[in-house]
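**Student:** If you want the building blocks of each chain, they are given just below.
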Amino acid sequence: MKISKLKLNHFRNYEHVDINFAPGVNVLLGNNAQGKTNLLESIYVLALTKSHRTNNNSDLIQWKHQNAQLKTLITKDSGQLNLELDLSKKGKRAKVNHIEQAKLSTYVGQLNVILFAPEDLSIVKGSPQVRRRFMDIEFGQMSNQYLYNTVQYQRVLKQRNKYLKLLQIKRASDLVYLDVLSDQLSAYGSEIIYQRLKLLKQLEHWSSAIHSTISQNQEQLTFKYVTALKQTQLHSVDSIYEGLKNAFQSERNREIRMGTTVLGPHRDDLKFQINHNDVQTFGSQGQQRTTALSVKLAEIDLMKAETGEYPVLLLDDVLSELDDNRQTHLLKAIQDKVQTFLTTTSLSGIARDLIHDPKVFQINDGSLRVD
Amino acid sequence: MQYPEPIAKLIDSYMHLPGIGRKTAVRLAYFTVNMDKNDIANFAEALTETKDKLRYCSICGNLTDEDPCEICQDPTRNQSEILVVEQPKDIMVMERMKDYHGLYHVLGGVLSPMDGKGPDELNVRSLIKRLQANEAVNEVIIATNATPEGEATAMYLSKLIKPAGIKVTRLAHGLSVGSDIEYADEMTLFKAVQGRTEI
Ligand SMILES: Nc1ncnc2c1ncn2[C@@H]1O[C@H](COP(=O)(O)OP(=O)(O)O)[C@@H](O)[C@H]1O
Ligand SMILES: [Mg+2]
Ligand SMILES: [Zn+2]
Numbered sequence: 001m002k003i004s005k006l007k008l009n010h011f012r013n014y015e016h017v018d019i020n021f022a023p024g025v026n027v028l029l030g031n032n033a034q035g036k037t038n039l040l041e042s043i044y045v046l047a048l049t050k051s052h053r054t055n056n057n058s059d060l061i062q063w064k065h066q067n068a069q070l071k072t073l074i075t076k077d078s079g080q081l082n083l084e085l086d087l088s089k090k091g092k093r094a095k096v097n098h099i100e101q102a103k104l105s106t107y108v109g110q111l112n113v114i115l116f117a118p119e120d121l122s123i124v125k126g127s128p129q130v131r132r133r134f135m136d137i138e139f140g141q142m143s144n145q146y147l148y149n150t151v152q153y154q155r156v157l158k159q160r161n162k163y164l165k166l167l168q169i170k171r172a173s174d175l176v177y178l179d180v181l182s183d184q185l186s187a188y189g190s191e192i193i194y195q196r197l198k199l200l201k202q203l204e205h206w207s208s209a210i211h212s213t214i215s216q217n218q219e220q221l222t223f224k225y226v227t228a229l230k231q232t233q234l235h236s237v238d239s240i241y242e243g244l245k246n247a248f249q250s251e252r253n254r255e256i257r258m259g260t261t262v263l264g265p266h267r268d269d270l271k272f273q274i275n276h277n278d279v280q281t282f283g284s285q286g287q288q289r290t291t292a293l294s295v296k297l298a299e300i301d302l303m304k305a306e307t308g309e310y311p312v313l314l315l316d317d318v319l320s321e322l323d324d325n326r327q328t329h330l331l332k333a334i335q336d337k338v339q340t341f342l343t344t345t346s347l348s349g350i351a352r353d354l355i356h357d358p359k360v361f362q363i364n365d366g367s368l369r370v371d
Numbered sequence: 001m002q003y004p005e006p007i008a009k010l011i012d013s014y015m016h017l018p019g020i021g022r023k024t025a026v027r028l029a030y031f032t033v034n035m036d037k038n039d040i041a042n043f044a045e046a047l048t049e050t051k052d053k054l055r056y057c058s059i060c061g062n063l064t065d066e067d068p069c070e071i072c073q074d075p076t077r078n079q080s081e082i083l084v085v086e087q088p089k090d091i092m093v094m095e096r097m098k099d100y101h102g103l104y105h106v107l108g109g110v111l112s113p114m115d116g117k118g119p120d121e122l123n124v125r126s127l128i129k130r131l132q133a134n135e136a137v138n139e140v141i142i143a144t145n146a147t148p149e150g151e152a153t154a155m156y157l158s159k160l161i162k163p164a165g166i167k168v169t170r171l172a173h174g175l176s177v178g179s180d181i182e183y184a185d186e187m188t189l190f191k192a193v194q195g196r197t198e199i
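Keeping their order, the protein sequence lines are chains V and R. The first sequence begins at 1 in this note's numbering and counts up one residue at a time. The second sequence begins at 1 in this note's numbering and counts up one residue at a time.
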C-alpha cells in the first residue's frame with residue numbers, strides 16, 4: 001500500500017500541508033526541530049489513531065488551535081481509500097471514505113505502518129513493557145480481532161485491579177464477583193496469548209532468515225515467549241483459558257494481598273536468543289542492533305503475509321545510525337516494494353546509490369518543499 | 001457584556017444536561033425566554049414534579065409516581081418471569097416492543113468498581129430477596145448491555161441465582177457487542193445510545 005496524498009491542518013508545527021508522495025522512497029530532509037518527525041508522526045497517527053510519542057491528543061494540535069485534521073488518500077491493490085482523522089481536546093473522530101467509524105477496530109488496519117526509530121533498538125534492550133507494546137501495536141494492525149481483545153482486556157483488567165484494591169483494604173468482600181472478573185480476564189487473555197504465539201512463530205521465521213543473512217550464517221535468531229503458564233498449557237485457546245483460570249485461583253490470596261493482577265498477557269515478555277543465548281543479557285551491541293533490525297524487517301514480510309499488502313515504512317533518523325552492511329540490507333529489503341519515508345539531517349551518511357528515484361522534501365519550520 | 005442573571009442561570013442549567021455544550025445551551029436559553037408564559041409554567045412544573053412526585057418502586061426499582069409501580073400491581077402480567085435491566089428507561093424500551101409480559105427488576109447500573117459500583121451499590125440484594133419470597137418465579141432474563149461490565153454483571157447474577165434452581169437466560173439488546181466505548185467521543189456515544197433505544 002502507498003500513501004498518495006497527505007493533507008494536514010494545524011497538526012504540530014504544520015499550519016497546512018497538501019502534498020503528493022512518491023510510491024518509492026520519500027526523503028524528508030531538514031535541520032533539527034523543523035518538523036521531520038512531526039510529519040512521520042502524522043502518518044503514524046493516521047494509521048493507529050494515536051501517536052508513538054505522546055498519549056495526549058492535545059500535544060498533536062498546533063498551539064493556540066482547537067482542532068487538527070489529518071487526511072490521506074492511500075492506494076492499495078484493492079483500490080483507493082480516504083482516511084480522515086479529526087483531533088480535538090475532547091476526543092477524536094475517524095472516517096473511512098467519509099463515513100464516521102464508531103469503533104477503533106473498524107478504522108485501524110486500513111493503513112498499515114511500521115515505524116523504526118533509534119529508540120526501537122530498545123526492543124531488545126528495553127523493559128518487557130516495550131516488547132509488549134511492540135506486539136500489541138504490530139499485531140493489532142494485522143488483526144482487528146487482536147486489537148478488539150486487547151481493548152477489552154485492558155478494560156476488564158482496570159476493573160479487576162480496582163476491585164482487588166477494594167478487597168485488599170476490605171472495602172469489598174464478595175469473592176463471587178472476583179471469580180467472574182477472573183473468568184472474563186482469562187477469556188480475553190487466552191485469545192491474546194494464543195494469537196501472540198501464532199504471530200510470533202511467523203515473525204520468528206522471517207526474522208531468523210534475515211538475521212542469518214546479515215550475520216553471514218554465523219548466527220541463529222530464535223524467540224521465546226515468557227509467560228506464567230506452562231508450555232503444556234499453551235496449545236489451544238481453551239487450554240490457555242483453563243491455565244489462566246487455575247492460576248488466578250491459586251494466586252488469589254497473593255493478588256488480594258497485593259491489590260493487583262499478578263499474571264496474564266500484560267505481564268508476559270518476549271526473549272530474543274542468538275545461538276540459544278539471551279541477546280539482552282549476553283549479546284554484543286552489534287548483535288542487539290542486528291536483532292532489532294531483523295525483527296523490524298521481518299515485520300514487513302509478516303504484514304504482507306497477514307494482510308496481503310506491504311506496509312508503509314517510516315524510518316526516523318535511523319539510517320545514519322546503521323553501518324554500511326546493515327544499511328545495505330535494509331535498503332535492499334524495501335527496494336521497489338515498500339513505500340518508505342525517511343528523515344535525515346543530511347544526505348551524506350546515506351547509501352544513495354541503493355535508493356532508486358528518491359523524492360526529496362526540504363523541511364523547514366513546518367513547511368514542506370519539493371527539492 | 002455579561003448575560004443578564006436569569007439567562008446566565010438558565011444557560012448554566014441547560015449545560016448540566018448530557019450532550020449539551022455551551023453553544024446549544026445559549027440557543028436553548030434564548031428560545032426559552034421567548035416561550036409562551038403558560039408553556040413556561042408547565043415546563044417548570046414538569047421539572048419540579050420529577051423530584052416531588054417520582055420515586056423508585058419498592059419492589060422492582062422502576063421510576064414511578066405510585067408505589068408499587070403500575071407493572072408490579074398488574075395481576076395480568078406473567079408472574080413467573082423477571083427481566084433484569086440496567087436502568088428504568090430500559091423498561092420503557094421493552095414495553096414499547098410489546099413482546100414481553102412478565103415482571104421487571106431495575107439494577108440501577110452495572111458492576112463497575114472503577115465507577116464505585118459494587119454488588120452493594122446495585123439493587124442485587126432486593127432481587128435475591130424477591131426471588132426467595134416469591135415461589136412463582138421460574139425464569140430470570142438478564143438484559144444488561146453487551147459491554148464487558150454488562151456481561152460481568154450477567155455472569156455474576158447467574159452465579160447467585162442458578163443454585164436456587166431458577167432458570168437464568170440472557171437477552172442481548174444492548175449496544176453492538178463490546179464496542180470500544182472509550183474511543184467514541186461523547187456525541188457519537190450519545191447517538192449510539194439513542195440508536196440502541198429504537199431497535
Ligand atoms: N503542538 C505543536 N504546535 C506547534 N509546534 C509544535 C507542536 N509540537 C511540537 N512543535 C514544534 O515542532 C518542532 C519539533 O519538530 P520535530 O518534527 O520533532 O523535529 P525534527 O525535524 O527534529 O524531527 C519543535 O520546534 C516544536 O516546537
Ligand atoms: Mg526528529
Ligand atoms: Zn415495580
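These aren't lab readings, by the way, just hints derived from the structure by calculation. Where hints are given, some of them may not hold.
As the list claims (entries may be wrong) - SDA-like, lysine to any residue: derived pairs with alpha carbons at most 25 Å apart:
#  : chain 1 : residue 1 : chain 2 : residue 2
1  : R       : Lys117    : V       : Gln168
2  : R       : Lys51     : V       : Gly91
3  : R       : Lys23     : V       : Gly91
4  : R       : Lys162    : V       : Leu178
5  : R       : Lys117    : V       : Lys92
6  : R       : Lys117    : V       : Arg171
7  : V       : Lys165    : R       : Ala25
8  : V       : Lys90     : R       : Pro119
9  : V       : Lys50     : R       : Met114
10 : V       : Lys90     : R       : Gly102
11 : V       : Lys170    : R       : Pro119
12 : V       : Lys158    : R       : Asp115
13 : R       : Lys159    : V       : Asp183
14 : R       : Lys129    : V       : Val176
15 : V       : Lys92     : R       : Ala25
16 : R       : Lys159    : V       : Lys90
17 : V       : Lys165    : R       : Asp120
18 : V       : Lys90     : R       : His16
19 : V       : Lys162    : R       : Ala25
**Student:** All hints are to be evaluated individually against the structure, with a verdict given for each.
**Tutor:** Structure-based check of each hint:
no.: 1; hint: R:Lys117 - V:Gln168; result: holds (17 Å)
no.: 2; hint: R:Lys51 - V:Gly91; result: violated (34 Å)
no.: 3; hint: R:Lys23 - V:Gly91; result: holds (18 Å)
no.: 4; hint: R:Lys162 - V:Leu178; result: holds (18 Å)
no.: 5; hint: R:Lys117 - V:Lys92; result: violated (28 Å)
no.: 6; hint: R:Lys117 - V:Arg171; result: holds (12 Å)
no.: 7; hint: V:Lys165 - R:Ala25; result: violated (40 Å)
no.: 8; hint: V:Lys90 - R:Pro119; result: violated (32 Å)
no.: 9; hint: V:Lys50 - R:Met114; result: holds (24 Å)
no.: 10; hint: V:Lys90 - R:Gly102; result: violated (42 Å)
no.: 11; hint: V:Lys170 - R:Pro119; result: holds (14 Å)
no.: 12; hint: V:Lys158 - R:Asp115; result: holds (11 Å)
no.: 13; hint: R:Lys159 - V:Asp183; result: holds (12 Å)
no.: 14; hint: R:Lys129 - V:Val176; result: holds (18 Å)
no.: 15; hint: V:Lys92 - R:Ala25; result: holds (23 Å)
no.: 16; hint: R:Lys159 - V:Lys90; result: violated (39 Å)
no.: 17; hint: V:Lys165 - R:Asp120; result: holds (16 Å)
no.: 18; hint: V:Lys90 - R:His16; result: holds (17 Å)
no.: 19; hint: V:Lys162 - R:Ala25; result: violated (36 Å)
Of the numbered hints given earlier, the model fails hints 2, 5, 7, 8, 10, 16, 19; all others are met.
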